[in-house]
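Undergrad: Given only the sequences and the hints, what does the whole structure look like? Please build it.
2 protein chains.
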Amino acid sequence: MSNELTRRALLAMSAVLAAGASLPSLGAVQTAEGHMRNMMEVPPNAPKVAMLIYPKMVALDLIGPMSVFKILRCDVQLVWKEKIAVSTDVGIPFTATQTFDECPQDVNVLFVPGGLMGTIECMNDPVVCSFLADRGSRAKWVTSVCTGSLALGAAGLLKGYDATSHWAVADLLPLMGARHVSRRVVRDRNRMTGGGVTAGIDFGLMIAAELKGEEEARRVQLILEYNPQPPFKNGSPEQAGAERVEKMRQRRGYMDAIARNAAEAAGKRINAVSS
Amino acid sequence: MSNELTRRALLAMSAVLAAGASLPSLGAVQTAEGHMRNMMEVPPNAPKVAMLIYPKMVALDLIGPMSVFKILRCDVQLVWKEKIAVSTDVGIPFTATQTFDECPQDVNVLFVPGGLMGTIECMNDPVVCSFLADRGSRAKWVTSVCTGSLALGAAGLLKGYDATSHWAVADLLPLMGARHVSRRVVRDRNRMTGGGVTAGIDFGLMIAAELKGEEEARRVQLILEYNPQPPFKNGSPEQAGAERVEKMRQRRGYMDAIARNAAEAAGKRINAVSS
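Those protein sequence lines, which keep their order, are chains A and B. One point on numbering: in our numbering, the residue at position 259 of the first sequence is 259, and numbering is uninterrupted. One point on numbering: in our numbering, the residue at position 84 of the second sequence is 84, and numbering is uninterrupted.
No wet-lab data here; the hints were simulated from the structure. Here the structure is a predicted model, which means the values were calculated and not measured. Treat each hint with caution, since some may be false.
Pairs count within a copy or across copies, as identical chains cannot be separated in the list.
Stated by the list, open to error - Within a straight-line C-alpha distance of at most 20 Å, the following computed SDA-like cross-link-like pairs (lysine to any residue) qualify:
#, residue 1, residue 2
1, Lys83, Pro93
2, Lys233, Glu215
3, Lys233, Ala209
4, Lys247, Arg73
5, Lys83, Thr95
6, Lys212, Asp188
TA: This is the structure:
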């Protein structure tokens, strides 16, 4: 063992002991398991985070913020109608840990990921919309990434709020009473909505700071080594330029068109309720 | 239907017809399924991507690059000893789609994600190391994100190569014959290794450009809206500053110490083989 190694190992042991935990045994596998368990343990009174999952969602929309919540040791639950596996864009199924009924009445964070074809089904689904509307009415934070904000909008949760969404559908937000603000993450009172997919990491760090303070958010950022250096400048319509955007709009035309239909229908419902 | 909507829908339909595909029916759910299926379909001769998964891995290390490969319609397989579910840091299990035996002899991309406690077990596991060494000897690209490079190193695949890893363990690479280069993504001949966790997205776009050309990589970037805007400057040891780094090194001391042991043992094996 080098001196540096000994020093670090001793420091680690003292930290463990200082925290009142038992010293991990040195049997390799069991120690690794124990260490992992300690890292993941959810303390009492941890913030309750309810993350909606649904068929055809985009995995990265969820995994970015979820990684942040987990490092913060929040009580993170994946919520859907039933405790079944739903499909994702990458082909890895995600399984709900709570049904809508099991989800606590009062959560600290209600979060909706994107996944346009699936989002549209959520927008048109009264069971999903009423679950979101109910928990969202009391949640400390009502949040989304990517097209998830369209589902929040369809549940009436963005009426009168600034919000954003994936660039390709953000223009649909006003159909449901929201003001579209073109920023990576938009906060308006207790609503926090992020742009497309990778905005979930920026969003995650911003909500981390709200839940646990800036220093904790910075700690998460260092663990995730979030010092992004995109090889190209093509991450927004402005950067990509009109020609590339038009090409993509054509490829997406079918999807975006039925999203508009859903947003228009939701807008009518929301206005009928509030008038 | 607005004129804009009609125009977009028509453009989308023409694109579908031009591609020789059958016109999607307008029955909502079935159309969405069909659309989704078309989006995900893997064309013949798609690049073969073998992504190692293993217990205690970091989900985001995999999902970032996997999202890129999927949008590029690569033939993506999750590979492990058996077709079983492995645990991840966020608590969502990932299930292998191919065993080591089923993984093709020649793949375009061999990829290893991180997850330090699990990575260490891979480094110490002769079955995992010999699988990586074998496929890596013929793979067009040998790649990793985060601590995944330690497993490549333990398999002897980084000897004489520039490489990087998560900042906290990157100093272990030279123990296995690699030169540590402190960059977000390091390419040396057909090796491409990324830094910690979120570097997987930068890595994904860089390998996308190699597989399919820059224009396709840019298309992926626009879909993922990868225009990062971290709320804090704390994503590297330099940005975080000495005090925060030392604090984290103390918390990580136990993990990093056993990683060093594994790297030293691997280094001895590698030198024994080559001398």
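Undergrad: Are the hints correct? Go through all of them and say.
TA: Evaluation of the provided hints:
{"no.": "1", "hint": "Lys83 x Pro93", "in the structure": "both (12 Å within a copy, 15 Å between copies)"}
{"no.": "2", "hint": "Lys233 x Glu215", "in the structure": "between (30 Å within a copy, 12 Å between copies)"}
{"no.": "3", "hint": "Lys233 x Ala209", "in the structure": "between (28 Å within a copy, 13 Å between copies)"}
{"no.": "4", "hint": "Lys247 x Arg73", "in the structure": "between (42 Å within a copy, 18 Å between copies)"}
{"no.": "5", "hint": "Lys83 x Thr95", "in the structure": "both (6 Å within a copy, 18 Å between copies)"}
{"no.": "6", "hint": "Lys212 x Asp188", "in the structure": "within (19 Å within a copy, 40 Å between copies)"}
Every hint from the earlier list agrees with this structure, and none is contradicted.
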